[in-house]
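Protein chains in written order, with my numbering: chain U, 1 to 278; chain S, 1 to 278.
A few of these clues could be false.
Note that the list lumps identical chains together, so a pair holds whenever it fits in one copy or between two copies.
[Said to hold, decoys possible] Cross-link-like lysine to any residue pairs, in silico, SDA-like; alpha carbons within 25 Å at most:
#1 Lys137 <-> Gly83
#2 Lys137 <-> Arg198
#3 Lys137 <-> Asp208
#4 Lys137 <-> Ala155
#5 Lys137 <-> Ile113
#6 Lys137 <-> Ser70
#7 Lys137 <-> Thr163
#8 Lys137 <-> Asp115
#9 Lys137 <-> Val252
#10 Lys137 <-> Val230
#11 Lys137 <-> Asn167
#12 Lys137 <-> Asp154
Derived from the structure by calculation, the hints contain no laboratory data. None of the values given here were measured: they were computed from a predicted structure.
Protein chains: 2
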Amino acid sequence: MRDASSGSSGPVMITSLHNPRVIAAVRLRERRSRDETGLTIVDGARELVRAVGAGTTVEEAFVCEALLRSDDARAALAALEQGRVRVWQVTPAVLDKIAFGERAEGVVAIVRIPDTSLGRLHLPPHPLVGVIEAVEKPGNLGAILRSADGAGLDALIAAEPRTDLFNPNVIRASLGTVFTARLAAASTTETLAWLRDRGLRIVAARVDAPQLASETDLGGPLAIALGSEVEGLSPVWSAPDVVPVRLPMLGVADSLNVAAAAAVLFYEARRQRGLPVR
Amino acid sequence: MRDASSGSSGPVMITSLHNPRVIAAVRLRERRSRDETGLTIVDGARELVRAVGAGTTVEEAFVCEALLRSDDARAALAALEQGRVRVWQVTPAVLDKIAFGERAEGVVAIVRIPDTSLGRLHLPPHPLVGVIEAVEKPGNLGAILRSADGAGLDALIAAEPRTDLFNPNVIRASLGTVFTARLAAASTTETLAWLRDRGLRIVAARVDAPQLASETDLGGPLAIALGSEVEGLSPVWSAPDVVPVRLPMLGVADSLNVAAAAAVLFYEARRQRGLPVR
Chain U
1 MRDASSGSSG
11 PVMITSLHNP
21 RVIAAVRLRE
31 RRSRDETGLT
41 IVDGARELVR
51 AVGAGTTVEE
61 AFVCEALLRS
71 DDARAALAAL
81 EQGRVRVWQV
91 TPAVLDKIAF
101 GERAEGVVAI
111 VRIPDTSLGR
121 LHLPPHPLVG
131 VIEAVEKPGN
141 LGAILRSADG
151 AGLDALIAAE
161 PRTDLFNPNV
171 IRASLGTVFT
181 ARLAAASTTE
191 TLAWLRDRGL
201 RIVAARVDAP
211 QLASETDLGG
221 PLAIALGSEV
231 EGLSPVWSAP
241 DVVPVRLPML
251 GVADSLNVAA
261 AAAVLFYEAR
271 RQRGLPVR
Chain S
1 MRDASSGSSG
11 PVMITSLHNP
21 RVIAAVRLRE
31 RRSRDETGLT
41 IVDGARELVR
51 AVGAGTTVEE
61 AFVCEALLRS
71 DDARAALAAL
81 EQGRVRVWQV
91 TPAVLDKIAF
101 GERAEGVVAI
111 VRIPDTSLGR
121 LHLPPHPLVG
131 VIEAVEKPGN
141 LGAILRSADG
151 AGLDALIAAE
161 PRTDLFNPNV
171 IRASLGTVFT
181 ARLAAASTTE
191 TLAWLRDRGL
201 RIVAARVDAP
211 QLASETDLGG
221 PLAIALGSEV
231 EGLSPVWSAP
241 DVVPVRLPML
251 GVADSLNVAA
261 AAAVLFYEAR
271 RQRGLPVR
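Chain U with its partners taken away, still in its complex shape (with noise of 0.2 Å):
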């Protein structure tokens, strides 16, 4: 095995913390650093297999042999061989600066950022489409992803996004899926007109709204939004054409965290819509 700075073609090993790829990829944790290059950093076979198998550009990757422990980690090592990445050999001390040391699966990819443009989200008939506004907490929002992905929803859009969706730890929190999800951001004007434009009825999660969401209608070509940890939706939504609909609140406070609201609302709209006819 020879040293990376060798430049030839075959297996090489980074031994140093201080190489520049290394040192590369650890800016990725930083927002400025993924806003300029386009690019995030993937830990975690799971999410790394998720992400490949949605059709990430993948851009490089780093493996410590050592560290491939899991099913997962080899899954993850085999499609990025199959996807003819340059992986590059590392040890175990630079692939924990890499990974942060926190969920070291052997394996670490820098991926591309997808694109979240609006107008590239395509919506199957009678849509079951999410909208969170303004949402914060990347463990929110890769909690959502993750109940989006299991309730079947059609789309999700991060309306105002104060996080960015690639963030590392929204990739960890929502297991990959925010890489299948079918998920886009834009402003809550673009969003709104674009719902209307598509003919979808929307409803909105208010803890005022005299109706309860189980006695609603959500069938159909449907949109649910939910807005942000401290101030909810703005008042855009409350136009008339948007329905506000509300869970019971049985006790002393008047709200749930948000994640586990978007989880009852889109299981809710799920139960009444049945399962898809696959």
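With chain U held as given, fit chain S onto it using these hints.
Below, chain S alone, put in the same frame as chain U:
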């Protein structure tokens, strides 16, 4: 205004970051200190109002008048004063240190951790109980507490908890509902025995369950059990008298975030049972 060292009654200002009370308060961020003292720290005005409203013993509080902005914060202070709690006036720098500067609302309190022994938990007829086993992340625990509060659960039992329930991050993520919940911690064995003794049917969330939760009767005296983020429920929850249920998983992932799953199941039970008569 006199210095805290004067020792006499009346308004006293703590100005030093090295004041022993300040140091003791900051130390309550660590589990060891909470376990040793039986105390925890509450920052956040709404959280404090809920703790006081639930009859939690407040040992002392720290207030910075200059930072007291919200109505919630004034209400918290009024509740403390009514309870004849020793309130120390502090400088903004001292309050920031105690409150970790994250959401300083001008008031932080040291409270006695409530007794969470299972023996103290009393159930109404036809109870709805949540059980979460080995849940680890304070954010998930807090969100689950909010969902249990909202869905009107009669009790929540943390089986084999991996985080202490009155961790300041749980208090915060729960918006203080950790104080108002009928909450117990116990081993899984004790929990199962306790539920069976009381004649509760037990349903357990399992990804491989044959039956959907929405097609399962969730009425009557019932416990709904969910497992940890990584491992799910332990094998004892596969006993013949436990009914496994699942949610539809229509995407690529095989599970939801545990707090999302708890919210969907608690609210599905609530939907089936109807709103309680008050």
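Here is how each hint holds up against the structure:
1. Lys137 <-> Gly83: neither (33 Å within a copy, 36 Å between copies)
2. Lys137 <-> Arg198: Close neither inside one copy (29 Å) nor across copies (40 Å); limit 25 Å.
3. Lys137 <-> Asp208: Answer is within; shortest intra-copy Cα gap is 24 Å, inter-copy 30 Å.
4. Lys137 <-> Ala155: Intra 20 Å, inter 28 Å, cutoff 25 Å: intra-copy only.
5. Lys137 <-> Ile113: within (19 Å within a copy, 28 Å between copies)
6. Lys137 <-> Ser70: between (29 Å within a copy, 23 Å between copies)
7. Lys137 <-> Thr163: both (7 Å within a copy, 21 Å between copies)
8. Lys137 <-> Asp115: within (21 Å within a copy, 32 Å between copies)
9. Lys137 <-> Val252: both (24 Å within a copy, 23 Å between copies)
10. Lys137 <-> Val230: both (11 Å within a copy, 21 Å between copies)
11. Lys137 <-> Asn167: Result: close both inside a copy and across copies, 10 Å intra and 20 Å inter.
12. Lys137 <-> Asp154: within (23 Å within a copy, 30 Å between copies)
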